[in-house]
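Asker: Listed here are the chains, written in short residue letters.
Protein chains: 2
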Amino acid sequence: MTIKFFLDEKEMPKQWYNLAADLPSPMQPPLGPDGKPISPDMLAPVFPMNLIEQEVSQERWIDIPEEIMKLLSIWRPSPLQRAVRLEQALGTPARIYFKNESVSPPGSHKPNTAVAQAWYNKQFGIKRLTTETGAGQWGSALAFACSLIGLECKVYMVRISFDQKPFRKVMMHTWGAECIPSPSTDTKAGQEVLDRDPDTPGSLGIAISEAIEDAVTDETGKTRYTLGSVLNHVMLHQTVIGLEAKKQLKLAGEKNVDVIIGCAGGGSNFAGLSFPFASDKINGAKIEIIPVEPASCPTLTRAPFVYDHGDIAKMTPLLPMHSLGHDFVPAPIHAGGLRYHGMSPLVSQGVVEGLFTPMAIQQLECFEAALMFARTEGMIIAPETSHAVAATIRKAREAKEEGKEKVILFNLSGHGLMDLNGYESFIHGKLADYVPTQEEVERALKVMNGYPRPEIRKTGKW
Amino acid sequence: MTIKFFLDEKEMPKQWYNLAADLPSPMQPPLGPDGKPISPDMLAPVFPMNLIEQEVSQERWIDIPEEIMKLLSIWRPSPLQRAVRLEQALGTPARIYFKNESVSPPGSHKPNTAVAQAWYNKQFGIKRLTTETGAGQWGSALAFACSLIGLECKVYMVRISFDQKPFRKVMMHTWGAECIPSPSTDTKAGQEVLDRDPDTPGSLGIAISEAIEDAVTDETGKTRYTLGSVLNHVMLHQTVIGLEAKKQLKLAGEKNVDVIIGCAGGGSNFAGLSFPFASDKINGAKIEIIPVEPASCPTLTRAPFVYDHGDIAKMTPLLPMHSLGHDFVPAPIHAGGLRYHGMSPLVSQGVVEGLFTPMAIQQLECFEAALMFARTEGMIIAPETSHAVAATIRKAREAKEEGKEKVILFNLSGHGLMDLNGYESFIHGKLADYVPTQEEVERALKVMNGYPRPEIRKTGKW
Numbered sequence: 001m002t003i004k005f006f007l008d009e010k011e012m013p014k015q016w017y018n019l020a021a022d023l024p025s026p027m028q029p030p031l032g033p034d035g036k037p038i039s040p041d042m043l044a045p046v047f048p049m050n051l052i053e054q055e056v057s058q059e060r061w062i063d064i065p066e067e068i069m070k071l072l073s074i075w076r077p078s079p080l081q082r083a084v085r086l087e088q089a090l091g092t093p094a095r096i097y098f099k100n101e102s103v104s105p106p107g108s109h110k111p112n113t114a115v116a117q118a119w120y121n122k123q124f125g126i127k128r129l130t131t132e133t134g135a136g137q138w139g140s141a142l143a144f145a146c147s148l149i150g151l152e153c154k155v156y157m158v159r160i161s162f163d164q165k166p167f168r169k170v171m172m173h174t175w176g177a178e179c180i181p182s183p184s185t186d187t188k189a190g191q192e193v194l195d196r197d198p199d200t201p202g203s204l205g206i207a208i209s210e211a212i213e214d215a216v217t218d219e220t221g222k223t224r225y226t227l228g229s230v231l232n233h234v235m236l237h238q239t240v241i242g243l244e245a246k247k248q249l250k251l252a253g254e255k256n257v258d259v260i261i262g263c264a265g266g267g268s269n270f271a272g273l274s275f276p277f278a279s280d281k282i283n284g285a286k287i288e289i290i291p292v293e294p295a296s297c298p299t300l301t302r303a304p305f306v307y308d309h310g311d312i313a314k315m316t317p318l319l320p321m322h323s324l325g326h327d328f329v330p331a332p333i334h335a336g337g338l339r340y341h342g343m344s345p346l347v348s349q350g351v352v353e354g355l356f357t358p359m360a361i362q363q364l365e366c367f368e369a370a371l372m373f374a375r376t377e378g379m380i381i382a383p384e385t386s387h388a389v390a391a392t393i394r395k396a397r398e399a400k401e402e403g404k405e406k407v408i409l410f411n412l413s414g415h416g417l418m419d420l421n422g423y424e425s426f427i428h429g430k431l432a433d434y435v436p437t438q439e440e441v442e443r444a445l446k447v448m449n450g451y452p453r454p455e456i457r458k459t460g461k462w
Numbered sequence: 001m002t003i004k005f006f007l008d009e010k011e012m013p014k015q016w017y018n019l020a021a022d023l024p025s026p027m028q029p030p031l032g033p034d035g036k037p038i039s040p041d042m043l044a045p046v047f048p049m050n051l052i053e054q055e056v057s058q059e060r061w062i063d064i065p066e067e068i069m070k071l072l073s074i075w076r077p078s079p080l081q082r083a084v085r086l087e088q089a090l091g092t093p094a095r096i097y098f099k100n101e102s103v104s105p106p107g108s109h110k111p112n113t114a115v116a117q118a119w120y121n122k123q124f125g126i127k128r129l130t131t132e133t134g135a136g137q138w139g140s141a142l143a144f145a146c147s148l149i150g151l152e153c154k155v156y157m158v159r160i161s162f163d164q165k166p167f168r169k170v171m172m173h174t175w176g177a178e179c180i181p182s183p184s185t186d187t188k189a190g191q192e193v194l195d196r197d198p199d200t201p202g203s204l205g206i207a208i209s210e211a212i213e214d215a216v217t218d219e220t221g222k223t224r225y226t227l228g229s230v231l232n233h234v235m236l237h238q239t240v241i242g243l244e245a246k247k248q249l250k251l252a253g254e255k256n257v258d259v260i261i262g263c264a265g266g267g268s269n270f271a272g273l274s275f276p277f278a279s280d281k282i283n284g285a286k287i288e289i290i291p292v293e294p295a296s297c298p299t300l301t302r303a304p305f306v307y308d309h310g311d312i313a314k315m316t317p318l319l320p321m322h323s324l325g326h327d328f329v330p331a332p333i334h335a336g337g338l339r340y341h342g343m344s345p346l347v348s349q350g351v352v353e354g355l356f357t358p359m360a361i362q363q364l365e366c367f368e369a370a371l372m373f374a375r376t377e378g379m380i381i382a383p384e385t386s387h388a389v390a391a392t393i394r395k396a397r398e399a400k401e402e403g404k405e406k407v408i409l410f411n412l413s414g415h416g417l418m419d420l421n422g423y424e425s426f427i428h429g430k431l432a433d434y435v436p437t438q439e440e441v442e443r444a445l446k447v448m449n450g451y452p453r454p455e456i457r458k459t460g461k462w
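Just so you know, the protein sequences line up as chains A and B, in that order.
The numbers in this note's numbering rise by one with no breaks, and the one at position 122 of the first sequence is 122.
The numbers in this note's numbering rise by one with no breaks, and the one at position 29 of the second sequence is 29.
Worth flagging that the hints you see were computed from the coordinates, not collected in a lab.
Quick caveat, the model's predicted, so the values are computed rather than measured.
Heads up, some of the hints might be wrong.
Same chains, same names: a pair is fine if it fits in one copy or spans any two.
[Stated by the list, open to error] As a list, the in silico DSBU-like pairs of lysine-lysine whose alpha-carbon atoms are at most 30 Å apart:
| id | residue 1 | residue 2 |
| --- | --- | --- |
| 1 | Lys122 | Lys4 |
| 2 | Lys250 | Lys10 |
| 3 | Lys70 | Lys400 |
| 4 | Lys70 | Lys406 |
| 5 | Lys4 | Lys250 |
| 6 | Lys127 | Lys14 |
| 7 | Lys286 | Lys461 |
| 8 | Lys70 | Lys404 |
| 9 | Lys247 | Lys14 |
In isolation and in its complexed conformation, chain A is listed as follows:
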């Protein structure tokens, strides 16, 4: 029985898919400090105009430039694999597939957008990129992309992950990038946080503030900021994952897929796999599409759909999204890439409209799932990915109880070879679950008092 399905490079998608064109309600615009929609050129100090155009595009399909295709072909198309041994261990009638994004040199799905963003910046005449990173997947991916394309790169890495995953910075150095822990004294935003709380573990929200400040204060005008998730153009670049997976499921002989699963921090790996299938769902297909988040950072399952800043220092525009409030500092779980107070507006809106049905899972269940995956399928996955695997196991057990031959597809967003500290702690019983109390959530949400609320029609169709 074949368990891996490869596509030839010639079959790589030639266009990205833009879910914004198909959502029942139009996307709500980002708002400026005055509460009014911001125009594309207000973003120009932060992003190059060619990416801003993608950010606001309503086109359903956007051509992938040939040079980006060439860079992607270093590791793409990624394999679709069937988890036969996991199925057997669970005794489930479900057929479990995963899209293996860990095969990229930095080890995750992140380079799909990193090479695209670096390429568009280079086209626009930019010389240097800044960014933040949580677990280090995104920072490594951007360092990798900048190395291939020829740009300078500075990465602000959330301090707790910087300490937990020391080798991530060496990867970035190997690709020629600079990487420092955030909050840092290199920016005003970082310095302010350190003054208030010298022992802070840091957060993605803080690191974003630092990276934006670095970009917009460069007087040469040749530095721009990049974000590894959340924004529309990032979701767009990731859709190659789902577009490839559709072709590969056909190769595997599957006519339908019942459940699509991806972990969700800022939303990009979930979006990358699911959006092309969401398009089918909008057109009538019956598919359960599940973003999985950590119970310690329950953005989609416990936070409202609001207008909020993407960062703690309120340097980003207000984005329409599920948010726990820009001051929320998530518990120090090992899935650093999921420690984010907000969520992609596109994913958020898909949840509001009922297209996606989110799930929150605790850290211990996720590591248990990761260990089971390692001992059946042989692969050591990232703690972020373990959320998708835990949800997959839940759904496969459900299929067993129901006696249904479901087809489940999840996104294996990255390997865990840089996250072995987490495995060691789990194996030795040193990890804990964290769930914010209702009071903590409410307190965090207060920072958005008085903020405008996005208006959106709930279709109730799904």
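Once you've looked at the hints, dock chain B against the given chain A.
Answerer: This is chain B only, laid out in the frame that chain A set:
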């Protein structure tokens, strides 16, 4: 232009290729303590009989059991990739291909034999396996295989690597194996070394002694020892690499290959790629086949072809091989997997007969090559693999000088994500070259004074 060449699982080789059947001279037998050839059943306390049969087989082709094929298909066939961006950076007319063995879950070629050895042991009724590991690639691979097949596993890891690469042991734990630094106090052999030299960095030779002692002293008789390199059956299992590569070169449109390159410690990744091509060379093809070793452990380039023990405590039979003497402790280079005093008898004999033309390269040139590879091809390779890349760069530059369109194929034996300490040290200028003086080599060779010498006809044909 296509740069990755995949094979369908259905095209996986169904038989292993045994070079022993085609070498001009017959292999010299291993010798016992009395200097007489040892019989297969003298090896029975150490290895199961089904593997001993493979060890001494003269059959050209040996069937791969279907269940082993299934396990291999978790990651095989591995991709053949073309290093276009490296070619461009070098400005060479050579076409450079590599077989990417880093795609296995443990990250190297080692699982090719680990799953085979674990499977044969399980068939033979064995419950527990012991082994040594240098850089940790082999130990991880065996832990992975034992996890999939259901065997207990204990790994003695060379101390310097245990310290340099702390996460390797966590990988082994994740797959359920035990891993301790060697020399250890768990064995008599380890204790003796520690008594003599408490600060020893350890060596593969010492760790082998410990793992064998552990296996043969288990009174239940259900423990056996496994070796990740050197032995004939290990080379055999690795030949899937070269057999796949041949088919993939055809897919890439190449009719001939001019140069085959693999790094060589015990010889297994080199053998895996090169033996199927060596068969062509024996039958008249013009191919340069290069095993690359560290200049700090110059087994093939500076040591004689002799009978020597595979381990420091002289627990193994005498093997006919190039050896620096079983007491030789190589300098603490980062390519831990190449720190071995001996060499596969099959590879050694191939060198004596002129089939293979070895090359020795220093650590700094290798890391320089690895950095160039990371910044052109995007992949961070193992320090062991960097020897193959450094040799590839030398040959590609040679092709440029000669203006020849050569086809070069090297084995990318593993990724370097567990070896980032080495990269960090190199980037910060903290690494050094090590070359033993002629006097040091001669002193090390003295331990073999009075040992029998293998007799072998040098064909002088190549």
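Asker: Now tell me if each hint is right for this structure.
Answerer: Against the structure, the hints:
no., hint, result
1, Lys122 - Lys4, "between (36 Å within a copy, 26 Å between copies)"
2, Lys250 - Lys10, "both (17 Å within a copy, 18 Å between copies)"
3, Lys70 - Lys400, "between (43 Å within a copy, 25 Å between copies)"
4, Lys70 - Lys406, "between (36 Å within a copy, 24 Å between copies)"
5, Lys4 - Lys250, "both (12 Å within a copy, 21 Å between copies)"
6, Lys127 - Lys14, "within (27 Å within a copy, 52 Å between copies)"
7, Lys286 - Lys461, "within (12 Å within a copy, 68 Å between copies)"
8, Lys70 - Lys404, "between (41 Å within a copy, 26 Å between copies)"
9, Lys247 - Lys14, "both (13 Å within a copy, 28 Å between copies)"
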